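J.: Letter by letter, the chains look like this.
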Amino acid sequence: MTPAYTADEMMTVAAARQLHNGTVCFVGIGLPSTAANLARATGAPDVVLIYESGTLGAKPDRLPLSIGDGILAETADAVVSVPEVFNYWLQPGRIDVGFLSAAQIDRYANINTTVIGADYRHPKVRLPGAGGAPEIAASCREVVVVLRQTPRTFVARVDFITSVGFGQGPGDRRRLGLSGSGPRVVITDFGILTPDPETCELTLVSVHNGSTAEDARAASGWRLAVSPELATTAPPTEEELSVLRRLEATKGA
Amino acid sequence: MAEIVSLSDGIAAVVHDGDTLVMEGFTHLIPFAAGHEIIRQGRRDLTLVRMTPDLIYDQLIGMGCATKLIFSWGGNPGVGSLHRFRDAVENSWPLPLDLEEHSHAGMANRYLAGASGLPFAVLRGYVGTDLPAQTDTIRPITCPFTGEVLTAVPALSPDVTIIHAQRADRRGNVQMWGILGVQKEAVLAAKRSLITVEEIVDSLDPKPQEVVLPSFATTYVAVAPGGAHPSYAQGYSLRDNAFYTEWDAISKERETFLRWMDENVIRWAPAA
Chain A
37 MTPAYTADEM MTVAAARQLH NGTVCFVGIG LPSTAANLAR ATGAPDVVLI YESGTLGAKP
97 DRLPLSIGDG ILAETADAVV SVPEVFNYWL QPGRIDVGFL SAAQIDRYAN INTTVIGADY
157 RHPKVRLPGA GGAPEIAASC REVVVVLRQT PRTFVARVDF ITSVGFGQGP GDRRRLGLSG
217 SGPRVVITDF GILTPDPETC ELTLVSVHNG STAEDARAAS GWRLAVSPEL ATTAPPTEEE
277 LSVLRRLEAT KGA
Chain B
262 MAEIVSLSDG IAAVVHDGDT LVMEGFTHLI PFAAGHEIIR QGRRDLTLVR MTPDLIYDQL
322 IGMGCATKLI FSWGGNPGVG SLHRFRDAVE NSWPLPLDLE EHSHAGMANR YLAGASGLPF
382 AVLRGYVGTD LPAQTDTIRP ITCPFTGEVL TAVPALSPDV TIIHAQRADR RGNVQMWGIL
442 GVQKEAVLAA KRSLITVEEI VDSLDPKPQE VVLPSFATTY VAVAPGGAHP SYAQGYSLRD
502 NAFYTEWDAI SKERETFLRW MDENVIRWAP AA
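Which chain is which? The protein sequence lines are A and B, in order. The letter at position 230 of the first sequence is residue 266 when you use this note's numbering, and the numbering goes up by one with no holes. The letter at position 226 of the second sequence is residue 487 when you use this note's numbering, and the numbering goes up by one with no holes.
Warning: the hint list may mix true and false statements.
Partial selection, computed: residues in chain B whose CB lies under 10 Å from chain A [said to hold, decoys possible]: (1) T288; (2) L290; (3) I291; (4) W334; (5) P338; (6) V350; (7) W354; (8) H363; (9) F381; (10) L384; (11) R385; (12) G389; (13) T390; (14) V443; (15) E446; (16) Q495.
Rather than coming from a laboratory, the hints here were simulated on the basis of the structure. The structure displayed is predicted, hence computed values, not measured ones. Glycine included, every Cβ here is placed at the ideal spot set by N, Cα and C.
Next up, chain A with everything else stripped away, as it sits in the complex (with noise of 0.2 Å):
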C-alpha cells in the first residue's frame, strides 16, 4: 500500500532519484539542495554535494536554511573560498552535474531568475538574480532542474535568458563553446521532461502518478510535446517519504 503524498513530494523524491553514489554535484539552495539531502540520505550516500559557498562533500544531516549555514562547513571534506570554488572546481569541468531551479523555463530549457516584464529596467517583478546559475549550466557536465510548473513558469520563451539550456535549438551549446552538455533531465510536479535527441525540445517522458499528459499540457506555455512511450513515475517509497518528511521537519528546527 503507498502511503498518501503530496505533489510536491512526488517532484523531490523523482529529483533525488537522479542523483547517484559518485556523482558530484553542485547544489542549488531551495528545492536542489532538499532533493540532494533526500538522495544522499536514501538511494545515493555517496554523493558528493558541493555548494556555492565554497564547501566541498557536505554532509549536513538537517536542511542547511541557507548556503552559509554552519552545518555545510562543518560537515564538509574541504572548505574553500567562493573565488576557488568557481574558478578551480567548477570551472574545468570538475563537477558531474549541476543541480539547479528556476523562476521560468523555456521549450529549449534555457533558465531566468532575473527579471519578469520584457524590459530590464523596468520589470514587472525583480527576481534575485543569477547568483552562480550561468556558469553552473555552462561548465557542469550536465544540469538536472527541478521547479513546479505553471503557465508562467514554463514559458514558450523566458523573458530573460540567466543561463543557458539550448539557446534556440541544436547545435547552440557548441556554437557558443559551452563546454558541458546542458540539461538531461527537467522533474516538475506534474511529471519528467527530457530533451528531445533531434530538435533538444523538452519532452514530456513521464507522468506522476495522479496527473496526466494533458494536464502537464494544460500548466505549460506552449504545446508541450509528450513522448509516445510516456511512463509513469513510480510513487514515492515509505522510505523515501519517511526520509524527505524527516528532512523538511528540519527546517527551522
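For chain A, the structure is supplied; the task is to place chain B on it using the hints.
T.: What follows is chain B alone, placed relative to chain A:
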C-alpha cells in the same frame, strides 16, 4: 598597521557620501552592526557592491543610502524576495537604483583582480546569456596564446570594504574561519577597510582553515559583539532564522519598514 577604534568612529573614518562600498559575507559573518551605523550616520549616494545583497543591503537601499548596486544575487536567503530592493528597482522608491548585474563567478573574479592589483580578470562565463547586453562591464577578450574568445570583467577596487570576523588581537591582526566567501579578496581589493570583530584577544590561537588578515593589510578594527546578528558567526552565534522570516513581513510595506528601522536602528545608539 590597523588602528583599533569604536564602531561609530570607524564608520565615520572610512565611509563617505558617494563612496563605492563593499560589505561582504556569503550569508555567514554579515556586518549588520556596521551597516546599521552607516544608516545612523546618514550616508548618501553610495554605490553598494556585494555578491549576495541581503537584509542589510535591503535596509540601506530602503533608507535611501544607495543610488547604485553592483551584485550577482539579491534575495532573502532561504526565505524569498528583498522587498525594499524590489521596490527601488520596480518603483524607484525611495530613489532609483542603478544596477550593474553579474554572475557569482564574474563578481568573485572581479574581487580577485582587485586584490591582485590587476585591471581585469578572465573567465569562461556569461556566454549565451542576456547579461552582457545589460552590463557593459562584461566584454569578450581573445587569448593571445590560443586565440580562444573568453570573457573579461574589470577589477573591483572599492573605496572601502567592511567585513565582520570572529576575532582580532591587540595589534589588529584579524582571524576568521568557516565559510569565508570572498571577504579576504574584498578587503585586499579596497583602498580602506574596517573589520568588525566579535572580540579582541591577547593572542590568536590557530583554528582549522582559518584566514588571518595581517594588521598591515587593513585600516581599522572595531569590536562589535553580535555584529553579524541575525546572520551566523561560526563559533559565536547561529543564524536567527525567525528574524529572516519576520523580515519578509516587516519589509513588505514602506510604513512598517520605516517604523521598524526607526525603532530598531535609528533610535539605538551603540555603546562607546
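J.: May I ask you to test the interface hint for W334 of chain B with respect to chain A, counting a Cβ-Cβ separation under 10 Å as satisfied?
T.: This hint holds: W334 of chain B lies near chain A, its Cβ roughly 4 Å from the closest one there, short of 10 Å.
J.: Was the hint right that R385 of chain B lines chain A, CB cutoff 10 Å?
T.: OK, holds: R385 of chain B within 10 Å of chain A, min 6 Å.
J.: Next item in the hint list is L290 of chain B. Is there a CB on chain A closer than 10 Å to its CB?
T.: Since the shortest Cβ distance to chain A is 8 Å, the answer is holds.
J.: Using 10 Å as the Cβ threshold, decide whether V350 of chain B counts as touching chain A.
T.: holds, 4 Å
J.: Would the hint on L384 of chain B be counted as holding, given a Cβ-Cβ threshold of 10 Å to chain A?
T.: holds, 7 Å
J.: Tell me if W354 of chain B is really an interface residue toward chain A, meaning its C-beta lies closer than 10 Å to one of theirs.
T.: Since chain A brings no Cβ nearer than about 13 Å to W354 of chain B, farther than 10 Å, the hint is violated.
J.: Minimum Cβ distance from P338 of chain B to chain A below 10 Å?
T.: holds, 4 Å
J.: For the restraint on Q495 of chain B, tell me whether the closest CB of chain A is nearer than 10 Å.
T.: holds, 5 Å
J.: Double-check T390 of chain B for me: the hint is only fine if its C-beta lies closer than 10 Å to a C-beta in chain A.
T.: holds, 5 Å
J.: Would the stated hint for V443 of chain B survive a check requiring a Cβ distance to chain A of less than 10 Å?
T.: holds, 5 Å
J.: The hint names I291 of chain B as touching chain A; please verify it with the least Cβ-Cβ distance against 10 Å.
T.: At 8 Å from the nearest chain A Cβ, I291 of chain B passes the 10 Å test, so the hint holds.
J.: Holds or violated: G389 of chain B as interface residue toward chain A, Cβ cutoff 10 Å?
T.: holds, 4 Å
Hint compliance for this structure: hints 7, 9 are not met, and every other hint is.
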